[in-house]
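Visitor: One-letter residues, chain by chain:
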Amino acid sequence: MNRLFKTFGPGPRLAVPIMLFLLGGFAAPLLAVIAYSFVPARTFSLWQKWSLGNYVEIFQSSIYISFLWSLGLAVATVVILAIVCYPVAFGLTRVFGRWATLITLLFALPLFVSENVRIYGWILFFIKNGVLLGSLKSLFGFELESIVFTTGLTLLGMVYVYLPFMLFPMTLGVSMVPQQTRDAAFDLGASRWQVFKEVDLPLSMPGVVIGFLLTFVLAVGALAEAKVLGGQRVIPITHDIEIAFTYAQNWPLGAAVSVLLMLVVGTLVLLVLRRFDLDTIVGRR
Amino acid sequence: MNGSADRMRRAFIWSWTGAVIVFMYLPAVSLLLASSTSSRYFIFPVTKWGFDWWQKTFASLEVHQLFKTSLVIALCVTAVAVVIALFGALAFARYEWKGRSIYQKIVLLPIFFPQTVLGLALLLWFNALGFTMSWQTAVFAHLVWIIPVCTLVISIQVYSFDPALEEAAFDLGATRWQVFREVTLPVLFPGIFSGALFAFLLSWGNFPLSLYTTGADTTLPEYLYAKMIAGYTPGVPVLGTVSTIGAAFLLIGSYGLILAMRRARQSATE
Numbered sequence: 000m001n002r003l004f005k006t007f008g009p010g011p012r013l014a015v016p017i018m019l020f021l022l023g024g025f026a027a028p029l030l031a032v033i034a035y036s037f038v039p040a041r042t043f044s045l046w047q048k049w050s051l052g053n054y055v056e057i058f059q060s061s062i063y064i065s066f067l068w069s070l071g072l073a074v075a076t077v078v079i080l081a082i083v084c085y086p087v088a089f090g091l092t093r094v095f096g097r098w099a100t101l102i103t104l105l106f107a108l109p110l111f112v113s114e115n116v117r118i119y120g121w122i123l124f125f126i127k128n129g130v131l132l133g134s135l136k137s138l139f140g141f142e143l144e145s146i147v148f149t150t151g152l153t154l155l156g157m158v159y160v161y162l163p164f165m166l167f168p169m170t171l172g173v174s175m176v177p178q179q180t181r182d183a184a185f186d187l188g189a190s191r192w193q194v195f196k197e198v199d200l201p202l203s204m205p206g207v208v209i210g211f212l213l214t215f216v217l218a219v220g221a222l223a224e225a226k227v228l229g230g231q232r233v234i235p236i237t238h239d240i241e242i243a244f245t246y247a248q249n250w251p252l253g254a255a256v257s258v259l260l261m262l263v264v265g266t267l268v269l270l271v272l273r274r275f276d277l278d279t280i281v282g283r284r
Numbered sequence: 000m001n002g003s004a005d006r007m008r009r010a011f012i013w014s015w016t017g018a019v020i021v022f023m024y025l026p027a028v029s030l031l032l033a034s035s036t037s038s039r040y041f042i043f044p045v046t047k048w049g050f051d052w053w054q055k056t057f058a059s060l061e062v063h064q065l066f067k068t069s070l071v072i073a074l075c076v077t078a079v080a081v082v083i084a085l086f087g088a089l090a091f092a093r094y095e096w097k098g099r100s101i102y103q104k105i106v107l108l109p110i111f112f113p114q115t116v117l118g119l120a121l122l123l124w125f126n127a128l129g130f131t132m133s134w135q136t137a138v139f140a141h142l143v144w145i146i147p148v149c150t151l152v153i154s155i156q157v158y159s160f161d162p163a164l165e166e167a168a169f170d171l172g173a174t175r176w177q178v179f180r181e182v183t184l185p186v187l188f189p190g191i192f193s194g195a196l197f198a199f200l201l202s203w204g205n206f207p208l209s210l211y212t213t214g215a216d217t218t219l220p221e222y223l224y225a226k227m228i229a230g231y232t233p234g235v236p237v238l239g240t241v242s243t244i245g246a247a248f249l250l251i252g253s254y255g256l257i258l259a260m261r262r263a264r265q266s267a268t269e
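Chains as they are written, first to last, in numbering that gives the first Met the number 0: chain A, 0 to 284; chain B, 0 to 269.
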């Protein structure tokens, strides 16, 4: 017993509860999904003959269109958020001073309100006779057709919902750039653009990339935006999965689509995370 | 550096951030406006202001039940998440050990995972085990996502923890439990508190995990979603506004509490 105590120091022992929990709550469910993706379509039991039927069905269908929409919208979300968030992240570290905490709280608050409620707020804003069109009508007298249920609005909803997930890692990254290094670069005659390209960007990269990754992954998994704001004009992959699990009652097919989505997301996450030392990002040591 | 160019840039950053904050709060304002009308449907500008729907919503027994379910789930999640995450965070940031870097990445994996897919995966898993979905399975499902978040939040505090404090206590003859209770816990308290706050609020507002794992029990976000898809009443914006204001109070109140505690400790040491 004593030897066991010595070979396993306090670190591994403290890690036991969470690892056991993730084994039963994360690894096992993912294995269950993979297992279900091999059973015959429209059945609910695992214990039968396994086959690749569901995957064959997927590759013969037009489901790749949903995949492309999901990936495309996620990429667009990441690009827009990178541009929107960078000045704010810069401000939070270098400009706002004692206001920074309050502004951080303001950006954190929406995280804690259910995302479908907040998305519904946009519906009330954009709908015919809503806050925007109603104001335009009463102030200027012109009436526009309702602009809800469009792909553009889906994108707006995604940008809105995932903004904090880009902003906070990015702020962490920007705060990792020492001001002295920037000053030194300026003193040596670097232009603003050069300092950004040669100092700010590379040194804040860990936080920025984590922000990109987090936003991308969450945006690929987005569902409510396309359903509520997009009026199902665009069907993202998560919607296909949900339909397979609910209306179609075809769990194995839904599981197979989920496995493909997990492959895309998982590969990306592992590739990126592998390259980072989390101590420097989270602990700033 | 050029003074006026610098001022221009600061002005740009301030106004840009201001615009982004306005953007972030437009939906909340819309919800507030839509909740304060006494007509059945929302027409802006509001002609008949009134708080009838607030009264109606709070008097509804169904809403009471939803509040209760959501609250019970969030409290259970908070209690379990904080304990497991505290140990997890000590392993994450306090001790050096072989395999720690892999451990850190494994812990973060559930955060980097689409929640809808995670919810479905848990549904399949519970089904394979033969469980019936209820609020208990929802607690478990929330934990899968919230424990890693909570671990990360507490870890940030643990990173700034000075191990010499524990060693000094050991040298003075304290037992392991005494050191934990008298030194480790009080020093880490702000982090633990933030972790608990995150756990509670994220569970309270969670939709994608609840959707597949609550079974016959319904949480507030699920109910609101069902109402949005079919059967809008101004009760929807009322509940939306209540949850926004509630979260704001919790967040600002807790921030104030942490500030006050820090100040009290500073004046005690001076």
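Just so you know, these hints were derived from the structure itself, not from any lab.
Since the model is a prediction, treat every value here as computed from it, not as a measurement.
Cβ coordinates follow ideal geometry from the N, Cα and C atoms, glycine included.
Take the hints with a grain of salt, since some may be wrong.
[As the list claims (entries may be wrong)] The following label-pair restraints were derived from C-beta to C-beta distances:
no.: 1; chain 1: B; residue 1: Phe-169; chain 2: A; residue 2: Leu-269; range: 36 to 42 Å
no.: 2; chain 1: A; residue 1: Leu-269; chain 2: B; residue 2: Val-82; range: 24 to 30 Å
no.: 3; chain 1: B; residue 1: Ala-229; chain 2: A; residue 2: Glu-197; range: 27 to 33 Å
no.: 4; chain 1: B; residue 1: Ile-20; chain 2: A; residue 2: Phe-141; range: 41 to 47 Å
no.: 5; chain 1: B; residue 1: Ala-229; chain 2: A; residue 2: Gly-151; range: 21 to 27 Å
[Stated by the list, open to error] Keeping only pairs whose Cα atoms sit at most 27 Å apart, straight-line, the calculated DSSO-like set for lysine-lysine is:
no.: 6; chain 1: B; residue 1: Lys-67; chain 2: A; residue 2: Lys-136
no.: 7; chain 1: B; residue 1: Lys-104; chain 2: B; residue 2: Lys-226
no.: 8; chain 1: B; residue 1: Lys-67; chain 2: A; residue 2: Lys-127
no.: 9; chain 1: B; residue 1: Lys-55; chain 2: B; residue 2: Lys-67
no.: 10; chain 1: A; residue 1: Lys-196; chain 2: B; residue 2: Lys-226
no.: 11; chain 1: B; residue 1: Lys-226; chain 2: B; residue 2: Lys-97
no.: 12; chain 1: B; residue 1: Lys-67; chain 2: A; residue 2: Lys-196
Visitor: Please go over all the hints and tell whether each is borne out by the structure.
Guide: So, going through the hints one by one against the coordinates:
no. : hint                              : verdict
1   : B:Phe-169 - A:Leu-269: 36 to 42 Å : holds, 40 Å
2   : A:Leu-269 - B:Val-82: 24 to 30 Å  : holds, 29 Å
3   : B:Ala-229 - A:Glu-197: 27 to 33 Å : violated, 55 Å
4   : B:Ile-20 - A:Phe-141: 41 to 47 Å  : violated, 29 Å
5   : B:Ala-229 - A:Gly-151: 21 to 27 Å : holds, 25 Å
6   : B:Lys-67 - A:Lys-136              : violated, 42 Å
7   : B:Lys-104 - B:Lys-226             : violated, 39 Å
8   : B:Lys-67 - A:Lys-127              : violated, 35 Å
9   : B:Lys-55 - B:Lys-67               : holds, 18 Å
10  : A:Lys-196 - B:Lys-226             : violated, 49 Å
11  : B:Lys-226 - B:Lys-97              : violated, 51 Å
12  : B:Lys-67 - A:Lys-196              : violated, 53 Å
In summary, the numbered hints that this structure violates are 3, 4, 6, 7, 8, 10, 11 and 12.
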